[in-house]
Amino acid sequence: MILKVPEKYSICIICVIIFLSVNLFFPLSIQAAEDIAIPNLQLTLSGGQTEPEKVSLLLEILFMLTVLSLAPAIMLTVTSFTRIIIVFHFLRQAMGIQQIPPTQILASLAIFMTVIIMFPVGKQINDTALQPYLDERLGFSEALTRAQAPLRTFLFKHTREKDLSIFYSIARMEQPKNKDDVPTILLSAAYVISELKTGFIIGFLIYIPFLIVDMVVSSVLLAMGMMMLPPMMVSMPFKLLLFVMIDGWNLLIGSLVNSFLL
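Numbering (my numbering), first residue to last: 110 to 371.
No lab work stands behind these hints: they were computed from the structure.
Please note that a few of the clues may not be correct.
Unchecked claim - Capping the alpha-carbon separation at 27 Å, the derived lysine-lysine pairs in DSS-like fashion look like this:
1. 288 x 266
2. 306 x 271
3. 286 x 266
4. 288 x 271
5. 271 x 286
6. 232 x 266
7. 288 x 232
8. 288 x 306
9. 266 x 306
10. 286 x 306
Please model the complete structure; the sequences and the hints are all you need to start from.
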């Protein structure tokens, strides 16, 4: 025989069970958590000014941690990532597909292409600066100077003098006599401006064929009297067909990579 409990009593019983569970088991879980030893990391300096090597080592560690925390920003400003991601977004806008491919896919593809394009620069930095520093054949400051040389060569190659002059005017500094006098931070800022302009130029060239398709479709719809039908919806399949027929991804990626190798 099954005993049926009225609904109002069943609610009271459930509340009592929850109350007892919280009061009995919650203190035990807190006690168990307190018994677990939490590891901690202590970074201390001993000796004060009598041990300058320890102070120098600590400063190097702090500098490296700062560089690692700024690594995403560095990747955006001193690599080919900026131009690539701008071109990808212009392509998506020109084709009229706002969410396809997803932004995560485009960003991942841009990162992979950036790694491939920047591989020669990274290899030079590894051979001339990183490995000698790890082998203790170079000091930290000298390794940092050597690491900047291949990167500065890459930045100078793709930076316009006009953009560099703008930042010299903003900083109220005298124009440099040679490339060695240009601070890396100003060079990086000018490089970003140059990459933005180059990305916009490529985006304009990408827009032209798709704009022609939109104009042709709009003219045909107007001639047929279908003014209420959105031209963008009709032209999208034709733009996708055009992009696939010319093998657009292969052509676009190859052109982007070659633009950095020239």
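What's the verdict on residue 288 and residue 306, does the C-alpha distance respect the 27 Å limit or exceed it? 22 Å, holds
Quickly compare the C-alpha distance for residue 266 and residue 306 to 27 Å and report which way the hint goes. Holds - the C-alpha atoms of residue 306 and residue 266 are around 15 Å apart, at most 27 Å.
Next pair to validate is residue 232 with residue 266; report whether the Cα-Cα distance is within 27 Å. Holds, at about 18 Å.
Given the hint that residue 288 pairs with residue 266, does the C-alpha gap stay at or below 27 Å? 11 Å, holds
Can you confirm whether the C-alpha distance between residue 271 and residue 286 stays at or below 27 Å? Holds, at roughly 15 Å.
Keeping to a limit of 27 Å between CA atoms, is the pair of residue 288 and residue 271 held or broken? 14 Å, holds
Is residue 286 close enough to residue 306, meaning Cα to Cα at most 27 Å? Status holds; Cα separation ~26 Å.
Are the Cα atoms of residue 306 and residue 271 separated by 27 Å or less? 12 Å, holds
Would you check the hint for residue 288 and residue 232, treating anything up to 27 Å between C-alpha atoms as holding? Satisfied, since the Cα-Cα distance of roughly 22 Å is no more than 27 Å.
Straight-line alpha-carbon gap residue 286 to residue 266, limit 27 Å: Cα-Cα ~17 Å, so holds.
The structure meets every hint from the earlier list without exception.
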